[in-house]
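**Q** Listed below are the residues making up each chain.
2 protein chains.
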Amino acid sequence: MRDFSADTSALALNTATLGHNLDGYGAGWPLERVIDACAAHGFGSIVFWQREIGTRAVEIGNRVRAAGLDVAGLCRTPYLVGRDRPDTWLEETRASIEMAAALGAPVLTVVSGGTEPGTKGVAETQKILAERLSQVVEHAAACNVRLAVEPLNPMFGGNRTCLMTVQDAVKLCDLIGHDALGIAVDVYHVWWDTALKDACAKAGSRLVGFHLCDWLENTTDMLLDRGMMGDGVADLKAIRRAVEGAGYSGPCEVEIFSRKTWWEMDPETVLRVISERFRSVC
Amino acid sequence: MRDFSADTSALALNTATLGHNLDGYGAGWPLERVIDACAAHGFGSIVFWQREIGTRAVEIGNRVRAAGLDVAGLCRTPYLVGRDRPDTWLEETRASIEMAAALGAPVLTVVSGGTEPGTKGVAETQKILAERLSQVVEHAAACNVRLAVEPLNPMFGGNRTCLMTVQDAVKLCDLIGHDALGIAVDVYHVWWDTALKDACAKAGSRLVGFHLCDWLENTTDMLLDRGMMGDGVADLKAIRRAVEGAGYSGPCEVEIFSRKTWWEMDPETVLRVISERFRSVC
Chain C
1 MRDFSADTSA LALNTATLGH NLDGYGAGWP LERVIDACAA HGFGSIVFWQ REIGTRAVEI
61 GNRVRAAGLD VAGLCRTPYL VGRDRPDTWL EETRASIEMA AALGAPVLTV VSGGTEPGTK
121 GVAETQKILA ERLSQVVEHA AACNVRLAVE PLNPMFGGNR TCLMTVQDAV KLCDLIGHDA
181 LGIAVDVYHV WWDTALKDAC AKAGSRLVGF HLCDWLENTT DMLLDRGMMG DGVADLKAIR
241 RAVEGAGYSG PCEVEIFSRK TWWEMDPETV LRVISERFRS VC
Chain S
1 MRDFSADTSA LALNTATLGH NLDGYGAGWP LERVIDACAA HGFGSIVFWQ REIGTRAVEI
61 GNRVRAAGLD VAGLCRTPYL VGRDRPDTWL EETRASIEMA AALGAPVLTV VSGGTEPGTK
121 GVAETQKILA ERLSQVVEHA AACNVRLAVE PLNPMFGGNR TCLMTVQDAV KLCDLIGHDA
181 LGIAVDVYHV WWDTALKDAC AKAGSRLVGF HLCDWLENTT DMLLDRGMMG DGVADLKAIR
241 RAVEGAGYSG PCEVEIFSRK TWWEMDPETV LRVISERFRS VC
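Going down the list, the sequences are from chains C and S. Take the first sequence: its letter number 263 is residue 263 in the working numbering, and every next letter is one higher. Take the second sequence: its letter number 70 is residue 70 in the working numbering, and every next letter is one higher.
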């Protein structure tokens, strides 16, 4: 077993944790400053969002590596199913795969989108999702990028996801059967699932992402009230054991959407607390 | 199979659907008027909340039966676990069992409460819940009342529930192994669960409640934005088949918390729409 007690190199920062570096949230830092601060705080890698990258993918990727870090991933494809799927989903998905490749990001996150219009529940939508993923997975493989489908908390059913559990994601991967398709496990979405450990064991080498934050006991906003690790009720150590026990050895990506708390703070403080909490409670 | 196409006698009204008959929501009707309106609209039974009943349990129960209806259930015990569990949970739970018996309600709903202070996740809390239910289940049996544990949508984890799936509830019932303990299946909480049909089959005769509403595609409030049957994305017919296919033959209880839509409407309209939707989309 790796000993992370004095080592935060497994830590990845998802830039959303600093309010996407946007003016109005956090400090509105340019990406270069985020990269250097991550390096200074001992992080090993960074996960970006498409809208931050624009046409600078190669430049930003090189800048990250020059700072001694890796790009761990890119967020994310457009919705592939549901009412909010763009008509241009196929071109947009291919473009996001290419952006990940240009950045040097090994993983591109997929949030599926919600229930397909004209259908009910999630089963039919999951089948349509499988068909659409099949149309892009070869391109991902050719670009050396793995697609990571991310099950979301069931409260995001309807308009954001048709995958609510790791078990559902494993079945989807089985249906498609392609190495370039994997699964991201985010504690915010799956902390409550008593079948999680078994599902992770089944996922095995398909686990390509692990996202950290915490579920606050009194969550006040579905989207933007995620907790810092240790401030909530998720059993972070047990979940990490389940993921790493199943063979995952990639980064631990901290992704905290927190409009009223962490996005209001100085990014230096946020990065310091993440590093401390990673060592003490994860 | 029963044919409900022209028959709404399986319908139960959960009075929360009319804004709990409170002033400020719906019409603030007295219970007697709610009872008569349910009878006029062809409902077969009613489910009350403790705070509506006060010390009138026997009187209200008799009034319901005089109108040709049954009392289908009572909401609900105090939280048995979690930070918001009252110190007096044992006395309060015994009192709610006795109120159900006095009303002639065969079922008393149990919402567990959240994660126990000092613990993480749900597994440990589920064990404590089992111990506490064991302390009251004999009293329920003696009163001829069945306790219905109700799994809640995982978004209510932390402060409201430690049971998120019917599968978790089945395991809890297995652990206690007492006929007076059963399970309520509410479509709002479980519509997304691809393992639901199997879990209901396992639950079998332990299914003692079935709650109807719908999951709106764009749910704007965790608590008070439930949809009318047919307005959302839950596969109501499939869920009902899963529940009734597992042997459930009790009432279909309509429970819609909807502050901005249905609680603002005339109760006569709400009852009429429920009756129509029950026949057309459930």
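Check the hints yourself; a few may be wrong.
For identical chains, the list gives no copy identity; a pair is met inside one copy or between any two copies.
[Unchecked claim] Computed list of lysine to any residue pairs in SDA-like fashion (alpha-carbon distance at most 20 angstroms, straight line):
#  : residue 1 : residue 2
1  : K127      : M222
2  : K260      : T220
3  : K171      : A246
4  : K127      : G104
5  : K127      : D235
6  : K202      : E244
7  : K260      : G104
8  : K237      : D179
9  : K260      : Q135
10 : K237      : G177
11 : K237      : A123
12 : K197      : A123
13 : K260      : E131
14 : K127      : A195
15 : K127      : A238
16 : K237      : G118
17 : K260      : D221
18 : K171      : T194
19 : K171      : D87
20 : K127      : L90
21 : K202      : E217
22 : K197      : D231
23 : K260      : G245
24 : K171      : W49
These are calculated hints, taken from the structure and not from any lab test. Being a predicted model, the structure only gives us computed values, none of them experimental.
**Q** With reference to the structure, classify each hint as holding or not holding.
**A** Do the hints match the structure? See the list:
no., hint, verdict
1, K127 - M222, "neither (27 angstroms within a copy, 28 angstroms between copies)"
2, K260 - T220, "both (10 angstroms within a copy, 19 angstroms between copies)"
3, K171 - A246, "within (16 angstroms within a copy, 24 angstroms between copies)"
4, K127 - G104, "neither (30 angstroms within a copy, 46 angstroms between copies)"
5, K127 - D235, "between (32 angstroms within a copy, 16 angstroms between copies)"
6, K202 - E244, "within (13 angstroms within a copy, 31 angstroms between copies)"
7, K260 - G104, "neither (33 angstroms within a copy, 48 angstroms between copies)"
8, K237 - D179, "neither (28 angstroms within a copy, 37 angstroms between copies)"
9, K260 - Q135, "neither (40 angstroms within a copy, 42 angstroms between copies)"
10, K237 - G177, "neither (30 angstroms within a copy, 32 angstroms between copies)"
11, K237 - A123, "between (32 angstroms within a copy, 14 angstroms between copies)"
12, K197 - A123, "between (23 angstroms within a copy, 12 angstroms between copies)"
13, K260 - E131, "neither (39 angstroms within a copy, 38 angstroms between copies)"
14, K127 - A195, "between (22 angstroms within a copy, 16 angstroms between copies)"
15, K127 - A238, "between (31 angstroms within a copy, 17 angstroms between copies)"
16, K237 - G118, "between (41 angstroms within a copy, 15 angstroms between copies)"
17, K260 - D221, "both (10 angstroms within a copy, 18 angstroms between copies)"
18, K171 - T194, "both (17 angstroms within a copy, 11 angstroms between copies)"
19, K171 - D87, "neither (26 angstroms within a copy, 44 angstroms between copies)"
20, K127 - L90, "within (17 angstroms within a copy, 47 angstroms between copies)"
21, K202 - E217, "neither (29 angstroms within a copy, 31 angstroms between copies)"
22, K197 - D231, "neither (22 angstroms within a copy, 35 angstroms between copies)"
23, K260 - G245, "neither (35 angstroms within a copy, 47 angstroms between copies)"
24, K171 - W49, "neither (27 angstroms within a copy, 41 angstroms between copies)"
In summary, the numbered hints that this structure violates are 1, 4, 7, 8, 9, 10, 13, 19, 21, 22, 23 and 24.
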